[in-house]
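Chemist: Protein chains in written order, with my numbering: chain A, 1 to 533; chain B, 1 to 686; chain C, 1 to 169; chain D, 1 to 499; chain E, 1 to 102.
Treat the hints loosely; a few may be bogus.
Claimed, not checked - Pair by pair, the computed Cβ-Cβ distance ranges are:
# : chain 1 : residue 1 : chain 2 : residue 2 : range
1 : B       : 478       : A       : 411       : 21 to 31 Å
2 : B       : 461       : A       : 391       : 48 to 58 Å
3 : C       : 92        : B       : 653       : 28 to 38 Å
4 : A       : 59        : B       : 509       : 49 to 59 Å
Since the hints were made in silico from the structure, they are not lab data.
Note that the Cβ used here is the ideal one computed from N, Cα and C, for glycine as well.
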Amino acid sequence: MELKILNIGVLTWLTFLPVLGMIIVLLIPKEQKSAVRWTSLFFTVAQVVLAFMVFTKFDRSLAGVHDASTMQFSELFNWINVKSTGWFGSIKIDYYLGIDGISMPMVFLTAIISCIAVISSWGIEKSIKGYFALLLLLDTGMMGVFVSLDFFLFYIFWEIMLLPMYFLIGVWGGPRREYAAIKFFLYTLLGSVLLLLAMLALYFSVSVIDPASGEKIHTFNMLAMMNPANYDANSLLAGISTSWRYIAYIAMFIGFAIKVPIFPFHTWLPDAHVEAPTAISVILAGVLLKMGTYGLLRIAFPMFPDAAVHFAYPLAFLGFINIIYGALCAMAQKDFKKLIAYSSVSHMGIVILGIAAMNTQGMLGGMLQMFNHGTITAMLFLIVGVIYDRAHTRGLDDFGGLMNKMPNYSGVMSIAFFAAIGLPGLSGFISEAFSFLGAFQSFRWLTIASAFGIVLTAGYMLWTLQRVFLGTLPEKWNNLTDINSRELAMLIPLTIIVIILGIYPNLMLDVMNTSANSLVDFVKMNSTVSFGN
Amino acid sequence: MIPQLTIALAILFIPLVSFVILIFFGKRFAEKSGLIGTAFLGADLLLSVYLFFSKMFSEDKVWDFTFTWIDLHTVINSIPLKLDIGIMVDNLTAVMLVVVTLISFLVHLFSLEYMKGDVRYSRYYANLGIFTFSMLGIVVTNNYLLMYVFWELVGLSSYLLIGHWYEKKSAADAGKKAFIVNRVGDLGFFIGIMIVWVQFSTLTFSGIFSAIGGGNIPFGSTNWLTAAGLLIFCGAIGKSAQFPLHVWLPDAMEGPTPVSALIHAATMVAAGVYLVARTFPMLTADALLVIAYFGAVTAFIAATIAIVQNDIKKILAYSTVSQLGYMVMGLGVGAYTAGVMHLVTHAAFKAGLFLASGSVIHAMHHALHHQGDHHTDAQDIRFMGGLKSKMPITFWTILIFTLAISGVPFTSGFLSKDEILAGTLAFSHFNGHTIIPIIGFFVAGLTAFYMFRMLIVAFMGEHQNKERIAHIHESPRVMTVPLMVLAALSFFFFFSLNPLSASHGWFFEKMTYPTVAVPATVAATPTEEFVEEIHHQHNLAMILSVGIAGLGILLAFTTYFWKKISADAFEKALKPVHTFLYRKWYFDELYDATFVAATMGIAKILAWFDGAIVDGIVNGAGHVTKFIAVVSGKFDSIVVDGLVNFTAFTAGISGRLLRTVQTGKIQTYIIFAIAGMMALMMFYIG
Amino acid sequence: MNLYDIIFYFFAVVTVGSAMVVVFSKKIVYSAFALLFTFFGVAGIYVLLNADFLAITQLLVYVGGILVLILFGVMLTTNTVTIDIKSGTMNLIPATIVIALLAGMLGGIFWTSDWFMSKQFGDIVHTTTTTEIGNALITTHVLPFEIASVVLLVAVVGAAMMARRERNN
Amino acid sequence: MLDTILNNLSHIVPELIVTATLCVVLLAHLISRKSSQLLTILSIAGLFAALYSLTSNFGINISAFSGMLSIDPFATFFKIVIVLSTIVIVLMSRFSDEVNAEQKTIGEYYFLILSMCVAMMFMVGSSNLILMYLTLELSSLTSYIASGFTRKAKDSSEASLKYLLYGAFSSGVMLYGISIIYGLTGTLDIAGVNQVLVQGSANNLALIIASIFILVGFGYKISAVPFHFWTPDVYEGAPLTITAYLSVASKAAGFAMMMRAFKVMFIDSSVMNLPAGTWTLINGIHIQNALMIFSVLTMTLGNLVAIWQKNLKRLLAYSSIAQAGYMLLGLVVLSNDGFSAVMIYFVVYLFMNLGAFYVVLLIANKIGSENIDDYKGLGRRNPFLTVALAVFLVSLTGLPPTAGFIGKWMIFISLINAKMVGIAVIGVLNSVISLYYYIRIIRNMFLRDGVDQTTPVIEYPLAQKILLLSLLVPTLYFGLFFNELVQFAQISVSIFGSK
Amino acid sequence: MTITLTHFLMISAVLFSLGLFAVITRRNAIMVLMGIELILNSANINFLAFSRYSGMNIEGQMAAIFVIILAAAEAAIALAIVLNIYKRFNTVNVDEISILKD
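Okay, chain A solo, but in the shape it has when bound (with noise of 0.2 Å):
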């Protein structure tokens, strides 16, 4: 599948189009604010029209994971090539750029919820051009991790972000904004040294045939360092199961583990959502703990099937105390943004239950999953983002009975909490059933304690809703505003989704499945396979 507009793959559009618009916001003056505001607009807009183009023209029976083959709109030209010397083999880097089933969902979505970050920063103030600025930079690295190939490639992506979103969190956050802000950066800085570690490691031990000079090369490519026979039989990660193996896949995955983030790496998140402005915390919520599972699925299962498959008892087991344990600090929450940030704590548990279980319904269950999660607590965000906006507090038990006085809002943001507390009808419901569904074939204790996670999640979310919504409404807030017509523009195509994917969630999974199912296949093929003999 191809794809060019003038000449330049899609893929690079999508990721690289943020970064025009980021010059361009640089390039106008400070004081047009509106200009800034809508030329950030129009691009992340054009990015989502771009996604959607993606979407539908992808072929959805074409399976990528690990065969270059079948990548999609696949771009691929060499970055760095620095000759071989004598005593070192050459550095080949290449620009990869592809999708398959795993990342198409993952690059929609961040396309939305970036558009959407910027509906909800419309009433940013301060500092306003180095706002949008940040963002679209942020846009792109997060665009970039979905769609690089080339795990060097990824680990810049993946880096780049960190530095916006410090920035995005720390000048424009809460009152505690430094300490959030840093210590989401040393959380996420601490995981990614150790991914670059492992990464560093991968790249010693394979080695494939440059073709066009023949020699045996060392390199970055994530597929070639999927196939067990581009091993070097000597090299640090060769074998299979050998301590080595185990300790990069234990430091890849603390990596990732500190992104999704997974018990006990998970303490700068609820921080960094309650600091972050509402558009960051739902690009955290929606996209940045998506990029753990995707490097989990992308990187560390195909890479280390042998200890992917070793660990995944231990990662299930994680899974659970996401589960459990994210909804039960969510119930003692009195702030509404540390409630659901929590409550994502609870339902990336879910996507890493659905994929430690190394089954075709656990694995789209988590992907969808991941999807889902991106959306509906992204929404979330924003219902908490319109009502701080309004009230300036967060407070649960300052509210009660909005329903009465905002009866748009309340309407959407009913679709939101039942959507997470998993409604069937709504798109959360299907994706944590699968997750369940294939996580029981694995492991049937662990998956039963840990759909007690639903009851939970129905507790507290109803508990918040009726504290919020239901009730009567305190004398201060008689003059609170009804959801206006941007804010609507914003949550409404969430809720669409929410919705279409609740009836109908073959139109994701229909993307997914053939990835998916490789995805198993190769784990589960590869983890008896010796690597490199």
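Starting from the known structure of chain A, arrange chains B, C, D and E on it as the hints suggest.
Modeler: For chains B, C, D and E alone, kept in the frame of chain A given last:
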């Protein structure tokens, strides 16, 4: 898809259309929304009736339509993995469709007057629509997946309906409680579904049953089959308010009374029984036994509680729980048709009871409002009394319903109840669990007693407050017509032409026992033997039940009408028992003290744990102060510190220690350099 | 014990003894003068080591140059009115420990090491090395020699800059 | 002999040009005491000429002056780094109010910078222990004076004294070590030393002690823990330009000398069965372990103490200590790719560190402070300057897409290639810690508001902007396109007299 | 007992240690400089001793010459710096000169 199924689909979606129209354009229609909703339901009812008759006169056992919703393109246990969903109509479905649409229609009709002037009038009708849709969905689906989907939707819509007056904290609480308690049951249901799915890779009823019939049982163990059945039954425990999850139903009386009629009499609570009926073929003898006991215990507990309640709706609520227990017990003992039949008959008279009570409450409200009395509870039967003359239609219909529920001959209730009791006798005959029929008969007596207690106290005797009674009027026609319709349906001839036995009526003829799929070794008594035994026990059951019901009624009249026995004296003498019953066996308190408290406690502990321990895992001595602050309950003010701070902390401490070396005195530096040099030498030499 | 040995021990005692005075003397002027003797002693040792040119250079540069510089330094940095030319000590205990250890270790290795020694040690001709040094300086060691000139240039310019008196402020 | 010497002279033309320039600068200052601009122009011209003539040394790999000096790609590479950084420093000095205030001695200032440059250029090529000592001392002597250049300031004077005492002590100890080596091997030529040592006749104990003594000298020059103590004090006290120069050029020269010394002196060239590009040390010399300990200590201490600094110069001093720790990792692996990683790091370090110092200098010119607290709210007052500083700091942390990442990345590549995973983990964890203090500066600039909100926007001339850009662009460029850089470093890794 | 290389080396070791001791312990900057001169002298003794006992290897003597040159240059610069310090701080006691510290 055959045309009849298209009609079934139409029946399913008409209420949804009603919902969508009313939710989006309700404001515009305002007062007309009620009429719109009622009209839609009327059409729905007509279609259902048509479908009912065409099914009854059809030779086909079942009309089924299945399609693949999600295909996972993979194979597991050599079965292609895909999610098939679809709809089906068999006799059970056809009957249930009529029951649901009929009750729903009547409730719509009744509400036109009852809910007049409500702040969210159109929203109310919209919610009724979505509720009816979900309930119909449960009925027409042919697989557990959709069943679960609609199951949850029923939960949602009941949440909306119960919490309709959400400004009242008790109403919002009740809605939440209903949803969460149901979720607990659903959890079991869901786990059951997981077992089934993992084993059979399909969720359609026919697929599962044929797989089990083919000797394929979960994880190769009949225990897992029993477990799967019981877990699915968990869903029924939740929805049908069985012990121990019955606590939500009485609270749910916070909703508008017609809603109670709809969801707590005829539909939502019936869903659980329906689920058991659907699952019947895969239930093992052990599972059925457990189910029977759950039903019996529920019936007993609820009946005892109902005796001492004063709130008219609470009494009805507990009587519902009790009757649901009856049905479940009926299914559990194997009296499939009897259980289902009781579901249908009960739907009619219980809906009638609720609507009638609604009528009374409506009148009381009206009167109290007139008086400017906002303290008197309009639902308390002790404040009623002597309403007979003022509200004749209501009184007479309610009398018929009460007779029906008490199992007096010539009523529909008698027919179904009698069969269930015969079933329990047969059951005990086969396996010796005599406690089941004993409870069954005892509860029948209790039922008669408390129902007549309600009737007598509320309608007969003298009204205490002259002024109030003057303002009490019979309800308008839109409210009384549904009562009359339901009263008519409470007579025997709709179900069987023989007033004393239903077993030869059309219902028994059409509603045949499903084919049991479980392996013979674990199956319950074979159907033929069992039916044979029921026939043997029938007369005994009839005599006993009529006798006991009569006893109960007599007792009620003696106590409350003739006042030969002082209820107060009894109450005083048995104070602890009374309190125990009045407090509903302390179930709520127990749950609050255990599950709720434990969950919240754990949640709080974990939240604290998250903030203080996980986050600040090695924050060390510096955090002792914070620790103390946490203990003293100042959790909110605690600054949550994390690995960041841990890093900063240890790094900081060591950094600070290392800084002290930098004294600014050059010779100290040189000493350190020499010392470092020496250390290195020692390292190599030593 | 031949003459060579006696001369060695004489210079050794002079060197070490005066060095001790340098290090341990309370008065800085004493130290400075003791340093003179140390330099002398070292020069004597140079002679014993067949380094006549070096010995002379030592005398010229150290005694004639460095020592004078140091004495100037002492004079310029001590207030001559209140003669407080005592200099305190510090870090005595750690210094003693560290230095004792180091000295012991050095002595140990010097005692035990087998050094790179030419086989023809016995028949060394005691000649002057001046010619050789001269030759080396313009052939093999011309680069260090030239760099040394840069060093001196830097020293001159730098010292002049540092020590220059500031006018008008 | 004369012919040889004359011939050899042609290979040190760059050094000669700089030497000539320093004489000319001195004279020019004597003649015209007013124009400091002329001095800058002369210096820059001379340096560029030297840079140009360096290009003719590409590919030459010979030994000159009777084995005293190696003219090899390795030396040429470092000479380029040194000359480049000297150019930047000269330009920075031109813009430094602190330096320009000393109008009377400005000639000496440029003279000192240039002589330091000459000393370092010789340092990186010297392959004789006595020449090493000599050039090391020359560069040190110039540094002592240069760091006391603003001699009227107390802190500058103190820095100068401390530097002097510490340097004299260290080089004394190093000289003593050299003398022991001489005793053990009978030669001062590092290749000759190696030949003797390979035969295994030398006493191990003496050799260890001698090598540790020598290490003291090197450690002092590159400020490795525990020989780093002078660094913070001197960096803080010295003029900013000198601090910047010391942190880059001086360190580069020290590293080059150390790498050459160890590689030529201590490797066992008789061991054959090693992978290409790696080598092993002579039996009994455990310099590898020592370096490992040094590097870990150096980066950890540098990072941990830096967290507490309030003065930006002092913070950067500790940061440069930590950076030296990372570079030492490249030596630990004992392989060509480790060496080339260090060399790449230096190029990167040149741009990012000088860039950071340059911004600090520009800001100090305006607000007269190097205190981190005074940086609050600067982001608003001059976005470009502060964003540039942020980029340099991010690069120092080692985050993509800046060049600093590539520097660290190459170091870790060599570590992982050598399967030294444990030490690599320590390295990456350290870079996480380093983020904590670098980000503090960024935080103050952008996240905090200044005390005085009304302070005007900082304006500065175009020339200063151009210099800033010319440091900023490579910092970003090499982060994404490091092809040539890596290739150049890999070619340049060859040292005369080693395999 | 004849005089051997070791004798010379012992003198050198003693001088080196004394020099270091002076560097560490004396508070007066000039005394510290004297200590450094002792260290340099001790190294020179080593060079010359090794030079003689390894068959008149001229390299040792050359090294010694350069050391002497450097010692002279260093002394000049050191004294200039010390004088400058004296002007700023009015003392040459090293431990009192510590405004730069953590």
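Chemist: Each hint should be assessed against the structure and marked as holding or not.
Modeler: Going down the list of hints, with the structure as the test:
1. Range check, residue 478(B) to residue 411(A): about 30 Å between beta-carbon atoms, so the 21 to 31 Å window is met.
2. As the Cβ distance of residue 461(B) to residue 391(A) is approximately 54 Å, the hint placing it in 48 to 58 Å holds.
3. Against the hinted window of 28 to 38 Å, the Cβ-Cβ separation of residue 92(C) and residue 653(B) comes to about 31 Å, which satisfies the hint.
4. Distance hint check: the CB atoms of residue 59(A) and residue 509(B) are about 56 Å apart, consistent with the given range 49 to 59 Å.
Hint compliance for this structure: every hint is met.
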